[in-house]
Amino acid sequence: MITRLLALVLPVAFTATAAFAQAFPVTVDHAYGATIIEAAPQRVVTWGWGTQDAVLALGVVPVGIPSMTYGGDGEGLLAWTRAAIEQSGQPMPEILGDGAGAPNFEAIAALDPDVIIAVYSGITEDEYARLSQIAPTVVFPEIRWTASWQDVVRLTGEALGKPGEATQLIADTEQFIADEVAKYPAIAGKTVINFVDSGEGSISIRKAIDPRTKLLLSFGLLPAPELDNSDPAAFNYLLSYENLASLDADILVAFMDSPEAAEAFFAQPFAARAPQVERGALVLVDGASTTMAVGGAVTPLSLRWALPDLVAAVGAAAEAAEKP
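Every letter in the sequence shown is one number past the one before it in our numbering, and letter 36, counting from 1, is 30.
Hints are computed from structural coordinates only; laboratory data are not their basis. Remember, it's a predicted structure, so these values are computed and weren't measured experimentally. All C-beta atoms, glycine included, are put in the ideal place defined by N, C-alpha and C. Treat the hints with care, since some could be wrong.
Claimed, not checked - Listed below are the simulated DSS-like cross-link pairs for lysine-lysine, each with C-alpha atoms no more than 30 Å apart in a straight line:
no.	residue 1	residue 2
1	LYS177	LYS317
2	LYS317	LYS208
3	LYS208	LYS177
As the list claims (entries may be wrong) - Across the chosen pairs, the derived CB separations fall in these ranges:
no.	residue 1	residue 2	range
4	ALA266	ALA180	21 to 27 Å
5	GLY183	GLY53	37 to 43 Å
6	ARG76	GLY274	33 to 39 Å
7	GLY193	ILE171	27 to 33 Å
8	PRO19	PRO253	49 to 55 Å
Work out the full structure, taking the sequences as your base and the hints as a guide.
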């Protein structure tokens, strides 16, 4: 089980420098076309999950951000996002509604944004067209809800005219990950499957294009064979409970809503007999905030908050997987 870190350590936000400065206008390519941003944005609105953290980490406080219904506090803010805003000393952004749903077009328009950034989101092409009538809008590189945290930082940096700062932030965060993983050499080369309990007799297995899987693979883990490749654009597929024990992977990573939910799930015979569970090669991510930090809304800020515990748990599971 992953324990929580008590200290919140955030990467230092960058400020513009002559070395990193980029002249405007800039053009940002994404899944729905090319967006031209004429001048350095002063009023930034974000949508979806995680983009607000990238904006904050690059030294800008948005004027409007989505709420996080899952894992957020009473105002819909994730702990690391709130800490970064408070550390900035700037006013709290307007909270615009659940970032997993359709955008609140009227509320966004009322903020008079210079740019709307929604890289890790489910924005449809029609929604993109409506948002683009409000302000230049940047979305994901290819498929909805599949942008990696690096994609989020990169495209956000381009939109803000801070591509150099974004590159440096990615490099620093990747080095942070590598330094943590290096503490657990047994991780390298192990196969992994991660899933969410979707209820009603099935689990949702996250495929290699899913951001949480991408994070695990960045540790040096290998993807276990996928059982359902019928839709290459899908980030998950469903598997019945009774087939859980047949999954062929060294390590299982299970995202659960709470420790109580995890205990109840793995007490059931179909889960208890899984070989990974029997060997101790199971990683439980059991709580909404931690799930968002390393599974749902992975960002440079969230990784500083939760990554060491996740890597330690994966390291212990990797060592258990080596036992006969």
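Hint check:
1. For the hint pairing LYS177 with LYS317, the CA-to-CA distance comes to about 19 Å; that is within 30 Å, so the pair holds.
2. With a C-alpha separation of about 26 Å, the suggested pair LYS317 and LYS208 falls inside the 30 Å cut-off, and the hint holds.
3. At roughly 20 Å between alpha-carbon atoms, LYS208 and LYS177 fall within 30 Å of each other, so this suggested pair holds.
4. ALA266 and ALA180 have their C-beta atoms about 24 Å apart, which keeps the hinted 21 to 27 Å range intact.
5. Distance hint for GLY183 and GLY53: a CB-CB separation of about 38 Å, consistent with the stated range 37 to 43 Å.
6. Checked against the hint of 33 to 39 Å, the C-beta distance between ARG76 and GLY274 comes to roughly 35 Å, which is consistent with it.
7. Our hint of 27 to 33 Å for GLY193 and ILE171 holds, since their Cβ atoms are close to 32 Å apart.
8. Separated by about 50 Å at the C-beta atoms, PRO19 and PRO253 satisfy the suggested range of 49 to 55 Å.
The structure agrees with every numbered hint stated previously.
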